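So the sequence lines, in the order shown, correspond to chains A and B.
Position one of the first sequence corresponds to residue 37 (the working numbering), numbered consecutively onward.
Position one of the second sequence corresponds to residue 5 (the working numbering), numbered consecutively onward.
Simulated from the structure, these hints should not be mistaken for laboratory data.
Just so we're clear, the structure is a prediction, and the values are computed from it rather than from any experiment.
Some clues are possibly wrong.
What the hints assert, rightly or not - Simulated restraints, written as ranges between beta carbons of each label pair:
{"id": "1", "chain 1": "A", "residue 1": "G375", "chain 2": "B", "residue 2": "E71", "range": "46 to 54 Å"}
{"id": "2", "chain 1": "B", "residue 1": "A52", "chain 2": "A", "residue 2": "S255", "range": "41 to 49 Å"}
{"id": "3", "chain 1": "A", "residue 1": "G375", "chain 2": "B", "residue 2": "A59", "range": "25 to 33 Å"}
{"id": "4", "chain 1": "B", "residue 1": "A52", "chain 2": "A", "residue 2": "E325", "range": "50 to 58 Å"}
{"id": "5", "chain 1": "A", "residue 1": "E325", "chain 2": "B", "residue 2": "V126", "range": "52 to 60 Å"}
{"id": "6", "chain 1": "A", "residue 1": "F446", "chain 2": "B", "residue 2": "A52", "range": "23 to 31 Å"}
{"id": "7", "chain 1": "B", "residue 1": "L31", "chain 2": "A", "residue 2": "S255", "range": "35 to 43 Å"}
{"id": "8", "chain 1": "A", "residue 1": "F446", "chain 2": "B", "residue 2": "A90", "range": "44 to 52 Å"}
{"id": "9", "chain 1": "A", "residue 1": "L232", "chain 2": "B", "residue 2": "A59", "range": "33 to 41 Å"}
{"id": "10", "chain 1": "A", "residue 1": "F229", "chain 2": "B", "residue 2": "Y106", "range": "41 to 49 Å"}
Virtual Cβ for every residue (Gly too), placed ideally from N, Cα, C.
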Amino acid sequence: MLEMLSYDVSDLFTFGSLGAIVFGSLAGLIIGTLPGLGATIAVVLLLPLTYSMTPLASILMLIAAYQGSEYGGSISSIILGIPGTPAAVATTIDGNALARQDKAGLALGYSLAASTIGGIIGGIVLIFLAVPLARLAVRFSDPEFFLIGVAGLIAVSALSSRNGVKSALSVFLGLMVGTVGLDAFTGIPRYTFGTLELLEGVGMIALLTGMFAFSELFSIITRELGKTFASGSKKLSTGLSLAQLRLILRPATIGAGIGSVVGIFPGMGAGPASWFAYIQAKKSSRTPEQFGKGAPEGIAAPEAANNATVGGALVPLLALGIPGSPSTAIILGAFIIHGIQPGPNLFTNSGDLAMGLFYGFLIATLVMYIAGRLVTNFFARTLTISNTYLVPVVLILSIVGIYASKGLHFNLWLALGVGLLAFLMKRLDYSLPSFILAFILSPIIEESWRRTMLLSDGSLSIFVVRPYSATLLVLIVLFLLATALGLSRARMRNLE
Amino acid sequence: MTTKLVNMLLLLLILCVGAGYLYYSYLISERRLGDDLRPIYFPVAVGAGIIVLSAIELLRAIRSRTEDDLSPFEMPNLGKLLATIALMAAHFLVWQRFGLFYPATFALFVGLVLVYRATLTVREIGIAVLWSGVFTALLYLVFQYAFGIALG
Chain A
37 MLEMLSYDVS DLFTFGSLGA IVFGSLAGLI IGTLPGLGAT IAVVLLLPLT
87 YSMTPLASIL MLIAAYQGSE YGGSISSIIL GIPGTPAAVA TTIDGNALAR
137 QDKAGLALGY SLAASTIGGI IGGIVLIFLA VPLARLAVRF SDPEFFLIGV
187 AGLIAVSALS SRNGVKSALS VFLGLMVGTV GLDAFTGIPR YTFGTLELLE
237 GVGMIALLTG MFAFSELFSI ITRELGKTFA SGSKKLSTGL SLAQLRLILR
287 PATIGAGIGS VVGIFPGMGA GPASWFAYIQ AKKSSRTPEQ FGKGAPEGIA
337 APEAANNATV GGALVPLLAL GIPGSPSTAI ILGAFIIHGI QPGPNLFTNS
387 GDLAMGLFYG FLIATLVMYI AGRLVTNFFA RTLTISNTYL VPVVLILSIV
437 GIYASKGLHF NLWLALGVGL LAFLMKRLDY SLPSFILAFI LSPIIEESWR
487 RTMLLSDGSL SIFVVRPYSA TLLVLIVLFL LATALGLSRA RMRNLE
Chain B
5 MTTKLVNMLL LLLILCVGAG YLYYSYLISE RRLGDDLRPI YFPVAVGAGI
55 IVLSAIELLR AIRSRTEDDL SPFEMPNLGK LLATIALMAA HFLVWQRFGL
105 FYPATFALFV GLVLVYRATL TVREIGIAVL WSGVFTALLY LVFQYAFGIA
155 LG
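Please construct the entire structure, taking both the sequences and the accompanying hints into account.
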């Protein structure tokens, strides 16, 4: 923590860094507001702008967009009853109920205040967990990194889809795509079919954009192309009195606590976190009967939770170099673009950047609050933009983002193919987050496995004799047992 | 076509991809390079996993009689989706062959809006052209001029 006090904050208070945070917040708010477009698309669309920015400014812009879009998602949930992001589904229940009582501004005020509380608590969790976790991870070697990678895959496949086999299949497909390119040990080209563009592997930005932006746009074309959402509300002042703020403090804190913890686990993300928080807030409420009728706690808990997941999701990215969600995977891409590898050594090799990100994260949360107060009214009107115009705008910005990442036309075709496949896979209940996380973890898992086997002369006992790897192994086994127990209980309940 | 059939076709495709991946891994191992470092151990495990899981899911899909699986696999606006893909492909080709990013983007925007509109009047075409021009000009100003990213 002493490093934080010695950090020269003048790096942060430059026009470039603050401008990036403000721009990211506004862009995230507007993109999150639009139904169907969430945090991942917000971060994808801003990525091409990062190439000519400093590492700190570019990553802060993406984090601010991530935060802003989580709050932005609640605007359409509350005003229209249509969640802007999957994470805002729980907010719809009470948010829209309150809006129907002609109190849309009040509902948005609860959402904004709770999102800010969630963002700040998530930021504090990030600051207090990332550094100790990174310090611990410095002592890790290949067996531990292999097990962390495997644990991430198990968590994401167990938690991110209704169909366990398809989720596991998505993991294996992601691992397969991750092996394309030159073998890091021997230099042998693998699965490139003579294509020079694949020697460095499948482009991560092309894959992410195809998988999340293109497939989502294809879904909009087939589902709701003709829709123009109409915002009827005019009373959208988001100010809260002290008494109203006090009313949501407890559920927002509960939600933020749940969101911060859930965010750390790969593959879970803001959607489940907001539901857990909603259920917990209802259980602990003195007036649970008010839930569903516009209860402020029913808005505050899920909104605080989905913003708190942002800080939580950044913990494994910064401390271990492992992204926990598609949005943090794109932020990982921004690190790599600037030649920086997040992970245990980030705090020693680029300490100033890490400290800047911590402070910047908290500033981004405050900027989101100010931006929310000032522009929610205006952004609510973007809901009236027709999808006829929205789809071409997002599509073209995505195309620019893919090309700008490597300057390869090949990646455009790749993203188109991936987008079509992902569109189909999503319809058939495959897990895209599992696929992406497996793709990113594939080289980490393979390389650490091979180095481990070299170290141990092919003996698996290395995982048991090393204290850290043995502990990780026990945790994995416990997680598997807990998941199996949960599944069997659910099956029993279904049978009953 | 039912959801079940589409599901089975995709699973068959995945099964074939898994088998092809395993075969390609075998071809790599034939070269006997980097014997100590085993460049194919991991891919072989992954390929086997794909085959086993897709076979399990395929069997489940064949036996499934749920309402969801037997319902038709609906794809509203399929024509518009295909037109979008065709326009995107045309845009990529023009950009790749002739380097004309901005004119191709202008045309793509207009094309997509016209495909998506339910009715077409001269006024709507004019509005689409106008918005496309404004958007393309903004792209030029932001990427080419402000950020120095050469797109074409």
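Problem - Index of numbered hints that the structure contradicts, given in increasing order - result: 2, 3, 8, 10
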